[in-house]
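> Assemble chain B onto chain A, guided by the hints.
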Amino acid sequence: MNLAAPHIGFVIAAYAIAFVVIAGMIVVTLADYRSLKKALERLATRARLVRDTES
Amino acid sequence: MQNYANPTHFLRLVRALLPVTAALTAVLFAVGLYLALFVAPADYQQGETVRIMYLHVPSAWMAMFVYLVMTSAAIGTLVFRHPLADVAQKAAAPLGAGFTFICLTTGSLWGKPEWGTWWVWDARLTSVLVLFLIYLGIIALWQVIEDPGKAARLVAVFTLVGAVNVPIIKFSVDWWHTLHQPSSVFRMGGPTIAASMLWPLLIMAVGFTTLFLTLHMLAMRNEILRRRLRRLSMLAADGAAPLSIVAEPAE
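These protein sequence lines are chains A and B, in that order. Quick note: the first sequence, position 14, residue 14 per this note's numbering, numbers continuous. Quick note: the second sequence, position 117, residue 117 per this note's numbering, numbers continuous.
Derived by calculation from the structure, the hints in this document are not laboratory data. One thing to keep in mind: the hints can contain errors.
As the list claims (entries may be wrong) - Chain A stretches covered by chain B per the calculated footprint, using a threshold of three residues with CB under 8 Å from any CB of chain B:
| # | stretch |
| --- | --- |
| 1 | 8-19 |
| 2 | 36-47 |
Unchecked claim - Some, not all, of what chain B presents toward chain A, calculated at C-beta under 10 Å:
| # | residue |
| --- | --- |
| 3 | F38 |
| 4 | I52 |
| 5 | H56 |
| 6 | F99 |
| 7 | I102 |
| 8 | L109 |
| 9 | P113 |
| 10 | L211 |
| 11 | L213 |
Idealized CB from N, CA, C, for every residue including glycine.
In isolation and in its complexed conformation, chain A is listed as follows (with noise of 0.2 Å):
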């Protein structure tokens, strides 16, 4: 690729926007999945507490 060409900067803002979307669609499903298990976790802990407490 020659970096010196005409309009070079419109490839390299089409590879950044593509970058950032998949990066940002990645990083958000991973972030779910670890603040959907942490809350998973929380309950359950919650619910040996209850358990502990009742026996």
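Quick look at chain B alone, frame taken from chain A:
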């Protein structure tokens, strides 16, 4: 197939497949980007701007492919009442919107140096913009209806109506005179692109497809966990959450 209607079985399948699809995506992107940026020649007319094609075309294919996946899932929801169909629908919509956004923005960035304009209201560009708005509408519908079952049925109907737009996108360049060029890969008589450009394009297209499969499986796993969390939170609020269910492993 029916076996994987059980979310727990499906999560087990996801756990086995994810490393394979993720690794395949990384390899395909590495090879595809290397070929697209450093091996494929510049176009004799467009020069280096032709390299936008290696993002624009695969993302355009994915924009339509994801919608076809959602349409199949919508049929699964309405006809077969498959428990994972509405999960698949919901998980695919943001990904489809993402690919369509990449298609629109890279197309605009390609159009400016080649056509002299960022945007024209021609049939191809407008129908892809409509697809993007349909994706946003579907995401909004999922957000505003609280009951996932009701939302799934409504979204399924909306998705099936919106499917009319997919053949319009595909054939818009044949049915109307547009500024956008006609198909040059999937056409009667074979591709019109030189092999040195076609191979990087196809590798990038397969890479985008495996990327979607990976993200779709991850997003479906998230949606299954979200529904489990919702169900358990409601049970816990009623003071009836059985520990065996709450303590069920997350994946």
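> Evaluate each hint against the coordinates.
Hint check:
Under a criterion of three residues with beta carbons nearer than 8 Å to beta carbons of chain B, the stated coverage of the stretch 8-19 of chain A is upheld, 8 such residues being counted. Counting residues of the stretch 36-47 of chain A whose C-beta lies closer than 8 Å to any C-beta of chain B gives 9; at least three are required, and the coverage claim holds. Of the supplied interface hints, the one on F38 of chain B holds, with its beta-carbon coming within about 6 Å of a beta-carbon of chain A, less than 10 Å. For I52 of chain B, the interface hint holds, since its Cβ comes within 10 Å of a Cβ in chain A; the closest pair sits about 5 Å apart.
Annotation: interface hint on H56 of chain B holds; nearest CB of chain A at approximately 7 Å, less than 10 Å. Because the smallest distance between the Cβ of F99 of chain B and any Cβ of chain A comes to about 8 Å, under 10 Å, the interface hint for this residue holds. Using the Cβ-Cβ criterion of 10 Å, the hint placing I102 of chain B at the interface with chain A is satisfied: the shortest such distance is roughly 5 Å. The closest approach between the C-beta of L109 of chain B and any C-beta of chain A is roughly 5 Å, which is under the 10 Å cut-off, so the hint is satisfied.
Satisfaction of the interface hint for P113 of chain B is found here, the shortest Cβ-Cβ separation to chain A being roughly 4 Å, below the 10 Å cut-off. Taken as an interface hint, L211 of chain B checks out: its beta carbon lies about 7 Å from the nearest beta carbon of chain A, inside 10 Å. Nearest Cβ of chain A to the Cβ of L213 of chain B: about 13 Å, over the 10 Å cut. The hint is violated.
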